[in-house]
Each structure stands twice: as C-alpha cells, then as structure tokens.
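Residue numbers (numbering that gives the first Met the number 0), protein chains in the order written: chain Z, 0 to 187; chain L, 0 to 187.
These are computed hints drawn from the structure, not numbers from a lab.
Heads up, some of the hints might be wrong.
Heads up, the list lumps identical chains together, so a pair's fine if it works in one copy or across two of them.
Claimed, not checked - Below, a list of computed lysine-lysine pairs in the PhoX-like style, where the Cα atoms sit at most 25 Å apart:
(1) Lys-182 - Lys-121
(2) Lys-26 - Lys-51
(3) Lys-51 - Lys-2
(4) Lys-51 - Lys-4
(5) Lys-136 - Lys-54
(6) Lys-2 - Lys-179
(7) Lys-121 - Lys-51
(8) Lys-153 - Lys-8
(9) Lys-173 - Lys-153
(10) Lys-26 - Lys-173
(11) Lys-26 - Lys-54
(12) Lys-51 - Lys-153
(13) Lys-54 - Lys-173
(14) Lys-173 - Lys-154
Number of protein chains: 2
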Amino acid sequence: MEKIKLGPKLPRFVLPIVAMGANVGGKPNYCAVAWVTVIGNDPPMLGLVLGKGRKTMEGARENGTFSINLPGTTSAMALDYCGLVSGHERDKSEIFTSFYGTLGSAPMAEECPLSAECSLHKIVDFGNTEMIVGEVKESYVDENCIVDGNPDIKKLDPLIYAMLGGPYYSVGNKIADAYKIGKDFRKK
Amino acid sequence: MEKIKLGPKLPRFVLPIVAMGANVGGKPNYCAVAWVTVIGNDPPMLGLVLGKGRKTMEGARENGTFSINLPGTTSAMALDYCGLVSGHERDKSEIFTSFYGTLGSAPMAEECPLSAECSLHKIVDFGNTEMIVGEVKESYVDENCIVDGNPDIKKLDPLIYAMLGGPYYSVGNKIADAYKIGKDFRKK
C-alpha cells in the first residue's frame, strides 16, 4: 500500500469524550474534554489534558476535587454545548443535573451513565496545555447499565470523538476478545 | 435513574489502542498501548502511558525517537499479540513490516493505515507508570484511506479497546457533528 505523507500533525483517530465537572465558587461547571487517558490502575488514576485558562480547572484547583462523566450518545448535544461555550462567559451549572458523592465538592452529571469522582493528584505543565491527574475515589453507574454485575459497554453506549474536529461516533461491533485473540498470531 | 456505587476503580470506557514502535539495539520492537492521548496541537504532541520496564521504552530512550501506529480492525490479532508477549522474552521485530521515515530510527508498521513518527519530548514519572510525550515530526497514511484529501475514519476503521480487559470494538455510526449540534442545546 502506498503511504502518503501528511506532515507534522496530529493523526486522525478516535478518543472518548467526557464532561469534566468542578465547583467554581460553589457552583457546578462542566467542560468537554476528549484528551483523556488512564494514568494508572493502582491506585486508579485518570488524566485530562486541557488548554490553559479553563474555568473548570479553576474549580478543580479551588476544591482539590473534580469529576469525570462519560456521556451516552443521547447526551451529544449537551456535551457539544459544553465545548462550544466558555464558563467564563455563560453559566453552565444547569447543563446537567448535578449530584455529589463521597468527596462532597465534585459535581457529577446525573444524565451521564458513568461518573468518577476524583481528588486532584497532580497538574503537569506542557506549555500551552496542562494535564490534571486525579485519583478516582468513587465511581457511579446507572443501574440499568449493569449486566452480570459489571457496567456493559453497549448499555453505556459511550460517545466517541474523532480527532480533529469530529464528528462524534458510537461504539460499533465487537471485533475480538483482548488478551486472547493474539494467542493465535503466527509470525509471517 | 438509580446510581450504583462501584468503588474507587477505573471506569469502564473505551480508548484507542495503538502499537508503539521503537528500535532496541537496532531492531524494531512494538508494544500495545491503550493509555494514549493528545498533549497538544501546536506543536502536535501525543502521550502514551506505560507500566515501567517495557522494552519499547528502552528503545525510545536509546534513540530519542518512537512511533505511534493506529491499527485497523483487521490487525486486532497482531495488536493483541503485541500486548500478550514481552519484547524481553520474544523477538517482536517481525510482527509488522517496518518502514522508516524522516527521523530514520523510529520503525513504523506498514500494516497500520496511520502512523506518526515522534521525537521524544519528555517522560513524566507517575510511580508505577510513566508517560512518554512525543512531538509528531511526520505522519503517514494509506493512500486508500484518503477521502477528499483527508484521512477518513470509516476507511481507517480503527480498533478501539474497552477498559478494563477488552473486548476490542470497531467505530460505530456517526452520531452528530462536533462544534455544531450543541448550538441547538437549550437549558432546561
């Protein structure tokens, strides 16, 4: 297959998109973040990368807590609104119905089937951007997304985002079991 | 909707899965990484989080270069093999057909429709894990994945991974345009 050079740019690939929540001056604020990953499993830690100056980050710094909310595809409109509008310009406290958990100060979005409340572990500076790393202190899932005792991807129906600029997609078909199908791989 | 507490654990969500490539002692090695995100757009930077002691990381440190290769769903078996087997125990140089680009020392996987070659920018220590941040110096895409001058998600057909433990999925249906559908959002 002929390879085409695209230049020094971000590849076109898909990422989950989440709503980060934090209280700012006692009021919930939510922003859309697609630059999200796992930092570790023990303890459970997640990292979100944001451009500097975001209002939700002010809230995370203020309280030392924040939340990560994984929307279903039915929340695409609300999520997109979170990304279009700055909390510096408009009150975003009522985009979602907020609830609070163990930490008391990290607002979570009831409309999202899965939420994790985090304590702020570290902020890593990358120049134009910064990564907030949080340790998951508790997680919450909609009762109807549980299958055989665990959250089910098809029930969660998560929203994913194509770099750069979209669109949003759903998760498609199961391709194979992980840590299993590779056992049949034979080198050429 | 009733919310169920799951405890302090990583949420069940989907992430892209990539093959990280690096030369170790002059020979290509590849490992599977799902903990991947964007660090910045200008310059284009990507971050991969790995448990410590991975052989591919040795190669990235040795050369100051590495690659990120985005497999299609047809490469699920090879990707899974990369994750099952350690480069410390077996030679993984022939899992993919390697090609080299501008940097000369970052092996890329011809079988993956999209590859980015990176120079090592920084390694961030997180205790059990470390994040390697690379600046994309050039990117390569299969000619038949280009639609209207840009890589097309449906042609790339990327493999995605469900935390924790799988399975692998394909990308599903388009849900909505980003930076657009949210314009119609009205607060309750």
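Hints versus structure:
{"no.": "1", "hint": "Lys-182 - Lys-121", "verdict": "neither (38 Å within a copy, 34 Å between copies)"}
{"no.": "2", "hint": "Lys-26 - Lys-51", "verdict": "within (20 Å within a copy, 40 Å between copies)"}
{"no.": "3", "hint": "Lys-51 - Lys-2", "verdict": "neither (35 Å within a copy, 33 Å between copies)"}
{"no.": "4", "hint": "Lys-51 - Lys-4", "verdict": "neither (31 Å within a copy, 32 Å between copies)"}
{"no.": "5", "hint": "Lys-136 - Lys-54", "verdict": "within (23 Å within a copy, 32 Å between copies)"}
{"no.": "6", "hint": "Lys-2 - Lys-179", "verdict": "neither (31 Å within a copy, 32 Å between copies)"}
{"no.": "7", "hint": "Lys-121 - Lys-51", "verdict": "both (15 Å within a copy, 19 Å between copies)"}
{"no.": "8", "hint": "Lys-153 - Lys-8", "verdict": "between (32 Å within a copy, 20 Å between copies)"}
{"no.": "9", "hint": "Lys-173 - Lys-153", "verdict": "both (10 Å within a copy, 16 Å between copies)"}
{"no.": "10", "hint": "Lys-26 - Lys-173", "verdict": "neither (40 Å within a copy, 33 Å between copies)"}
{"no.": "11", "hint": "Lys-26 - Lys-54", "verdict": "within (11 Å within a copy, 47 Å between copies)"}
{"no.": "12", "hint": "Lys-51 - Lys-153", "verdict": "neither (34 Å within a copy, 32 Å between copies)"}
{"no.": "13", "hint": "Lys-54 - Lys-173", "verdict": "neither (38 Å within a copy, 30 Å between copies)"}
{"no.": "14", "hint": "Lys-173 - Lys-154", "verdict": "both (14 Å within a copy, 17 Å between copies)"}
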